[in-house]
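*Asks:* Protein sequences appear in the order of chains A and B. Add 922 to the 1-based position in the first sequence for this note's numbering, that's all there is to it. Add 265 to the 1-based position in the second sequence for this note's numbering, that's all there is to it.
Note that these hints are calculated values from the structure, not bench results. Watch out, some of these pointers could steer you wrong.
Claimed, not checked - To give an idea of the chain A side of the interface with chain B (calculated C-beta under 7 Å), a few residues: (1) LEU959; (2) PHE965; (3) PHE966; (4) MET968; (5) VAL971; (6) ARG999; (7) ASP1004; (8) LEU1009; (9) ALA1010; (10) GLU1027; (11) PHE1031; (12) ILE1040.
What the hints assert, rightly or not - Derived EDC-like pairs (lysine to aspartate or glutamate); straight-line CA-CA distance at most 16 Å: (13) LYS351(B) / GLU1069(A); (14) LYS351(B) / GLU330(B); (15) LYS1023(A) / ASP367(B); (16) LYS359(B) / GLU1069(A); (17) LYS363(B) / GLU1027(A); (18) LYS1011(A) / GLU330(B); (19) LYS353(B) / ASP1003(A); (20) LYS1023(A) / GLU330(B).
What the hints assert, rightly or not - If you want a taste of the chain A side facing chain B, the calculated C-beta under 7 Å gives, among others: (21) ARG1013; (22) VAL1016; (23) LEU1044.
A quick note: this is a predicted structure, and the numbers were derived from the prediction, not measured. The beta carbon of each residue, even a glycine, is placed where N, CA and C say it ideally should be.
Below, each chain spelled out in residue letters.
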Amino acid sequence: MKNSQARWLVWVVAVALSAVTSAASSRGLMNESEIRLECGNEFFSMAAVRTCLDKKQAQSEVVLKRAEAQARKAITRWDEDDKYIDLAKTRLAVSGRVFAKYRTEHCAFAASMGGGAIGNALEMGRAACVAELNHRRAEQLRLLVSELPPKQATK
Amino acid sequence: MNMRSVIFAATILCSVSASAAPPRAAQSEYAIRLACGNEFFSMADVRECLDKKEVESETNLKRAEANLLRAIAKWDIEPPYIAASKAKLAAARKSFAKYREDQCAYAKSVGGTAIGNALEMRRAACVAELNNQRAEQLRISAADSQFK
C-alpha cells in the first residue's frame, strides 16, 4: 500500500514538473545560449552547428512575421473605432522597424562577447541572439492582441 | 524509500523549479497587470502597484547593466575587444530605450478607448516586462564563463 502511494506521488510530481517546464517552453523563451547549446548538442562539426543556428534564425523570422500578420489581422477585426484601429496599426509598424534596429545592435553586442573567436563562432552567436529576440517579440505580439474583442458578424 | 522522504524530495523539486522559473521567464505585460490586479482592488492601488513594478524593473536593468560593464572591464582579452564590446553595449542600450518607448506606445494603443489610467497601466506593465527581459539577457552575458 505504502509503495503504491509512493509511486502515485512520484507520478504526480513528474506530471507537475513537466507541466511547469512545458509552460515555460510554450512561451518560447529559450535564451541565446540555450539555442546555441541545442545546436551544439545535436551536431558535432562547426559547419553543421552553423547550419543549425542559421535554420533557427530563419525559423524565428517566420514565427515573428506570422505573429505580426496575426496581430494586424486581430487589430483590423477589433470592435473599436477606426481611429484607434489605425493608431494601433501605425504603432505596430513603427515598433517593428525600431525593433529591427535594436535587434541588430543588441546582437552585434552579443556577438562581440565572443571576443577574438573566429568569424564563424561570432556569427553563430549573432544568429542565436536574433532567434531569441524574434521569439520573444513574437510572443509579446501574440499576447497583446489576445484580449481584443472582434467585431460582431452582424456589423 | 518511505513516504516522508518522497514528499520531502517532491517539495524540494517543486521549490527548485518554482524558484528557477521567475528570473528566467520575465513576466509578460499581461501577467504583470494581472498580478497587480489580483493583489489590489481599487484602480488607484493597481496603478500604484504597476508604477512600482516599472520603477523596480528600471533598477533591475540598471544593476544588470552595471554588473555587465564591470565584467567586461575585467575581461582577460586585448583592450580593443573590450572597447568594442562597450561601444556596442552603449549603442544597444540606446536603441533599446527607443524600442521600449515605441513598443509600449503600441501596447497602450491596443487598449483602445479605455480610460487614460488603464492605458497608462498597460504602458507601465509593458516597460516593466521589457526591462526585466533585457536585464535577464544582460545577466546571462555577464555570467559567461569567460569572465570567471
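*Asks:* So, against the hints stated earlier in the document, which numbers end up violated here?
*Replies:* 1, 2, 3, 4, 5, 6, 7, 12, 13, 16, 18, 19, 20, 23
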